[in-house]
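With these hints in hand, go ahead and build the complete structure from the sequences.
Okay, here's what each chain looks like letter by letter:
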Amino acid sequence: MSNHHETSLTENVVEKWGLLAQYENPAEIYHACEKVRDAGYTKWDANTPFPVHGLDKAMGLKASKLPWIVLCGGMTGPTLAMLFMIWTSAYDYPLNIGGKPLLSIPAFIPVTFELTVLFSAFCTFFGLWALCKLPRWHHPAFNSPTFEKFSDDKFFIMIEAKDDKFDWSKTESLLKASGSSHVEVVED
Amino acid sequence: MSIDTSSQAYGDLNLEDPVKGREPLVRGDHDFHYITETVCRVAETKIVKTPLVFWAALGGALTLLSMLLASIGYLIWEGTGIWGNNNPVGWGWPIVNFVFWVGIGHAGTLISAILYLFRQNWRTSINRYAEAMTIFAVICALVFPGIHVGRIWAVYWLFPLPNQMEMWPNFRSPLLWDVFAVSTYFTVSLLFWFTGLVPDFATLRDRATHPIAQKAYGALALGWRGSMRHWWHYEKAYQILACFSAPLVLSVHTVVSFDFAVSQLPGWHTTIFPPYFVAGAIFSGFAMVQTLAIPARKWLGLKHIITVHHIENMNKIILVTGSLVGYAYAMEFFIAWYSGNEYEGFAFINRAFGPYAWAYWTMISCNVITPQLFWSKKIRTSMTISFILSIFVNIGMWFERFVITVTSLANDFLVSSWEYFVPTPIDIAMFVGSFGLFFTLFLLFCRFWPVIAIAEVKAVMPQADPHWEGYAHGGNHE
Chain A
0 MSNHHETSLT
10 ENVVEKWGLL
20 AQYENPAEIY
30 HACEKVRDAG
40 YTKWDANTPF
50 PVHGLDKAMG
60 LKASKLPWIV
70 LCGGMTGPTL
80 AMLFMIWTSA
90 YDYPLNIGGK
100 PLLSIPAFIP
110 VTFELTVLFS
120 AFCTFFGLWA
130 LCKLPRWHHP
140 AFNSPTFEKF
150 SDDKFFIMIE
160 AKDDKFDWSK
170 TESLLKASGS
180 SHVEVVED
Chain B
0 MSIDTSSQAY
10 GDLNLEDPVK
20 GREPLVRGDH
30 DFHYITETVC
40 RVAETKIVKT
50 PLVFWAALGG
60 ALTLLSMLLA
70 SIGYLIWEGT
80 GIWGNNNPVG
90 WGWPIVNFVF
100 WVGIGHAGTL
110 ISAILYLFRQ
120 NWRTSINRYA
130 EAMTIFAVIC
140 ALVFPGIHVG
150 RIWAVYWLFP
160 LPNQMEMWPN
170 FRSPLLWDVF
180 AVSTYFTVSL
190 LFWFTGLVPD
200 FATLRDRATH
210 PIAQKAYGAL
220 ALGWRGSMRH
230 WWHYEKAYQI
240 LACFSAPLVL
250 SVHTVVSFDF
260 AVSQLPGWHT
270 TIFPPYFVAG
280 AIFSGFAMVQ
290 TLAIPARKWL
300 GLKHIITVHH
310 IENMNKIILV
320 TGSLVGYAYA
330 MEFFIAWYSG
340 NEYEGFAFIN
350 RAFGPYAWAY
360 WTMISCNVIT
370 PQLFWSKKIR
380 TSMTISFILS
390 IFVNIGMWFE
400 RFVITVTSLA
410 NDFLVSSWEY
420 FVPTPIDIAM
430 FVGSFGLFFT
440 LFLLFCRFWP
450 VIAIAEVKAV
460 MPQADPHWEG
470 YAHGGNHE
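Protein sequence lines correspond, in order, to chains A and B.
Its first residue numbered 0, the first sequence is counted upward by one per residue in numbering that gives the first Met the number 0.
Its first residue numbered 0, the second sequence is counted upward by one per residue in numbering that gives the first Met the number 0.
Read the hints as simulated data drawn from the structure, not as lab findings.
Heads up, the beta-carbon is just placed ideally off N, CA and C, and yes, glycines get one too.
Any given hint could turn out to be false.
Covered by chain B, per the in silico footprint, the following chain A stretches (three or more residues, Cβ under 8 Å) [unchecked claim]:
hint, segment
1, 89-97
2, 108-119
No farther apart than 25 Å at their CA atoms in a straight line, the calculated lysine to any residue pairs in the SDA-like style are these [what the hints assert, rightly or not]:
hint, chain 1, residue 1, chain 2, residue 2
3, A, Lys34, A, Glu147
4, A, Lys64, B, Gly469
5, A, Lys56, B, Gly469
6, A, Lys161, A, Asp151
7, B, Lys214, A, His138
8, A, Lys15, A, Lys169
Some chain B residues flagged as far from chain A (calculated, every beta-carbon gap over 12 Å) [what the hints assert, rightly or not]:
hint, residue
9, Gly72
10, Ile113
11, Val148
12, Leu175
13, Pro210
14, Thr269
15, Met330
16, Glu331
17, Asn349
18, Ile363
19, Ser364
20, Val367
21, Phe386
Now the structure itself:
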């Protein structure tokens, strides 16, 4: 937070969260993201109605960690399933049905498969929202009257004032030079 | 081009984009805002301005739903004797209905998972409501084994829960595999569907004017703000969920078929069952998608988004899977003869010429003849004929499950135990009532939720590509 104060010129500015720039189409935001990325900003984001193809590269995003979370779930599910079935069927409650072997691994495969899928799906779902830090009640961007167009047909870049490189006038001119149709200050 | 197309060097050539010159997925010259408006308009119509036809349809569906609930109430009070099930036909209509409804669900998962992995972009227009159809069909399906257990208050015995009797379920039984297969299927489909809905709920939230709509869509949207950092994880999650749902499409009906195939009964104990059931499930599911899509695209004004191209593609899938089913019918007969097993041979002669011949030939006419008509492009692209034929397939696929379940049970090894199965009015009320449950859920979905995947359709429009030729002049501000 100390950073926040150093870059603030007036008391009024302390209340501000950052800058929000609007773009009209995927091509504009794509080139703008490249500029913001090359300027070395880290605490910034692009907000789009749909995932714009290649924007991850224009923003310099690293690969998602989600597959690793899913891999953990995908290994826990079948392990627990198999151990549980072996324990209940062969040890805790041995039940002779038609003289079939108590420990019959092939018969345990369908449930093992299903639990692999189930655990992986849960890890994907909850892992996704954990990585996104969602759900959350509010975000400063929603204070802007224009921001809600992100879910329709407008494209936005927001840069937080907390960013090390942030400077109210320089950042604003960067965004304007990047082809934004409208740059505004977002209140916190 | 002087290069030989069979040489290795051909593999290094940059060829023309094969997508160029194809029909656009959204017909007409439309922008992103048009998609938002067209899809949201349905959900944003004021309650008082809802068309009368919707209330009429919902009223009809609720009437059937109350019939289902009343029948279930009567069943719990009176016991399973109110069904036509007898000895030896212990699996009557409830299991027939269960297999019928689970099968219908498969089209939604195939569209959302397998067509996604095969990069079939046309799926984006139809995946949302096909997935909704999956969820609602599986809910209908789950009702039937739930009530078929007889003692409904003990239904939790299906799950391996610790209990005072120190008993565990039998994991070597296909019926238990089925519990896991169908409940996993339902859960994963629901998670997949909800994940896809979140960005579209955000669209509805940002447009909502009524406080209740704002709060409801706001809660469902989870605070989604279209962040590219989120989309980045989101697309990965979508891909992973698709990868896990794809084997589910194949495994769920495989496990359902194990309920039959793992038994010793002639007509059931066959290795062709898993692929045959899966083909049948996709066949019936796409027929139900057509039955719902053809009227819905008209009534909801979505003809630009669900085009004749989509309907034709689905008819092609019906043709392929219908032919697979027809092949399976023929192969079952062949193997019954070729195996030299007289019980197996009798089971099939009895199906075609025995007491249930009427059901068998209904099934054959609906499932074998109907899809073959789709070889004709004229029929494939005709809305009216496609709709009528989809109804025939729905009927045929219900009869398929009836033929499989009832004919094998009614005439088994011992002639003295044979018994003809006759359904009771309660059987009929429950089956018809399950359509009430299905349509109630589906109508409410169509009315209040985004029926088209808004964000996904926008993403497959040509102008979604930052390097689209239309941006060549205006887009780059260098």
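Going through the hints against the structure:
Closer than 8 Å: that is the beta-carbon criterion, and the segment 89-97 of chain A has 4 residues meeting it against chain B, so the requirement of 3 holds. Under the rule that three or more residues need a Cβ within less than 8 Å of chain B, the assignment of the segment 108-119 of chain A holds, with 8 such residues. A hinted pair counts as satisfied when its Cα atoms are at most 25 Å apart, and lysine 34 of chain A with glutamate 147 of chain A qualifies at roughly 24 Å. As the CA atoms of lysine 64 of chain A and glycine 469 of chain B are separated by approximately 35 Å, the hinted pair breaks the 25 Å bound.
With a C-alpha separation of about 22 Å, the suggested pairing of lysine 56 of chain A with glycine 469 of chain B holds against the 25 Å cut-off. Proximity of lysine 161 of chain A to aspartate 151 of chain A is assessed by CA-CA distance (about 28 Å); at most 25 Å being required, the pair is judged violated. Taking the CA atoms of lysine 214 of chain B and histidine 138 of chain A, the gap is near 16 Å; set against the 25 Å cutoff, the hint holds. Simply put, lysine 15 of chain A and lysine 169 of chain A have alpha-carbon atoms about 16 Å apart, close enough for the 25 Å limit, and the pair holds.
Non-interface status of glycine 72 of chain B relative to chain A is upheld: no Cβ of that chain comes within 12 Å, the nearest being about 32 Å off. With 12 Å as the threshold on Cβ separation, the claim that isoleucine 113 of chain B sits away from chain A holds: the shortest Cβ distance comes to roughly 15 Å. The beta carbon of valine 148 of chain B sits about 19 Å from the closest Cβ of chain A, which is more than 12 Å, so the claim that it is off the interface holds. Not every CB of chain A lies more than 12 Å from the CB of leucine 175 of chain B, the least distance being 7 Å, so the non-interface label is violated.
Against the 12 Å criterion, proline 210 of chain B stays outside the reach of chain A, whose nearest CB is about 16 Å from its own CB. With a closest Cβ-Cβ approach of about 18 Å to chain A, threonine 269 of chain B is found to remain outside the 12 Å limit, as its non-interface label requires. In this structure methionine 330 of chain B is separated from chain A by more than 12 Å, as the shortest Cβ-Cβ distance comes to about 24 Å. No beta-carbon of chain A comes within 12 Å of the beta-carbon of glutamate 331 of chain B; the shortest separation is about 23 Å.
Non-interface call for asparagine 349 of chain B relative to chain A: holds, since the shortest CB-CB distance, roughly 27 Å, exceeds 12 Å. At roughly 31 Å, the least C-beta separation between isoleucine 363 of chain B and chain A is larger than 12 Å, which holds for a residue marked as non-interface. Once the 12 Å rule is applied to beta carbons, serine 364 of chain B is consistent with being away from chain A; the minimum gap is 35 Å. No Cβ of chain A comes within 12 Å of the Cβ of valine 367 of chain B; the nearest lies about 31 Å off, and the non-interface call holds.
No beta-carbon of chain A is positioned within 12 Å of the beta-carbon of phenylalanine 386 of chain B; the least distance is around 32 Å.
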